[in-house]
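*Asks:* Residue numbers (our numbering), protein chains in the order written: chain A, 1 to 115; chain B, 1 to 115.
For the record, the hints were derived by calculation from the structure and aren't laboratory data. These figures come from a predicted structure and were not determined experimentally. We put the CB at the ideal spot given by N, CA and C, even for glycine. Be aware that a few hints might be false.
Residues from chain B that face chain A, not an exhaustive set, calculated with beta carbons under 7 Å [what the hints assert, rightly or not]: (1) GLY42; (2) LEU43; (3) GLY71; (4) LEU91; (5) PRO108.
Okay, here's what each chain looks like letter by letter:
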Amino acid sequence: AQSVTQLGSHVSVSEGALVLLRCNYSSSVPPYLFWYVQYPNQGLQLLLKYTSAATLVKGINGFEAEFKKSETSFHLTKPSAHMSDAAEYFCAVSEASGGSYIPTFGRGTSLIVHP
Amino acid sequence: GAGVSQSPSNKVTEKGKDVELRCDPISGHTALYWYRQSLGQGLEFLIYFQGNSAPDKSGLPSDRFSAERTGGSVSTLTIQRTQQEDSAVYLCASSSNAGGTYEQYFGPGTRLTVT
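Extracted from the complex, chain A is given alone in its bound form (with noise of 0.2 Å):
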């Protein structure tokens, strides 16, 4: 089974602050693991992703995140914070079962950015 923990609902850095958005996840193999950003009133965008190659990921937007497999730990984390930077972050992972990925989501982040 497959479960993902982002901790803290709320994340608030002033602008040009380094931002760190903490995602834990739980799978019993190797997974793949999803960082998405949600602007209001949009979609999911895919910020980066984790598929068992290079450990640090870098991502549109200034965003990278490192699959640190013995915290089994996927923080995202942009070294200054933009005002446009202000959405809700969502951490995900996914693994085979079947044939068949259905990611399993954090319950979200919200990033607020002030100035």
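Chain A is fixed; fit chain B onto it per the hints.
*Replies:* Structure of chain B alone, referenced to chain A:
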């Protein structure tokens, strides 16, 4: 089309009425997912279609919910005898599920309000 489209974007209905929500996936994507997103909640998986296989309906919350996918493309989610707790944003996503891709492409969602 270039992306996943959903219609209508907003739907207000009276309790007890039936509603149909439509999803047009990206052309060529064999996998199609429906999710429900309630205020402050993550994404709740509803149903998954993969090619010509029988759909995975394990996430449907009750027998009032059903979905079909015609010709491996367009999908319709039907909610019968709507209840106020059905109010949510219904998101559709498609995926190629090929070559280790597995990321999902989301539509903008249908906001359903049951009065």
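*Asks:* All hints, please: hold or fail.
*Replies:* Here is how each hint holds up against the structure:
1. At its closest, the beta carbon of B/GLY42 sits 4 Å from a beta carbon of chain A; the interface hint therefore holds under the 7 Å criterion.
2. Among the interface hints, the one on B/LEU43 holds; its C-beta lies about 4 Å from the nearest C-beta in chain A, closer than the 7 Å criterion.
3. Of the supplied interface hints, the one on B/GLY71 is violated, with its beta-carbon coming no nearer than about 20 Å to a beta-carbon of chain A, more than 7 Å.
4. About 6 Å separates the beta-carbon of B/LEU91 from the nearest beta-carbon of chain A, less than 7 Å, and the hint is met.
5. At a threshold of 7 Å, the smallest CB-CB gap from B/PRO108 to chain A is about 5 Å, leaving the interface hint in force.
When the structure is compared with the earlier hints, a violation turns up for hint 3 alone.
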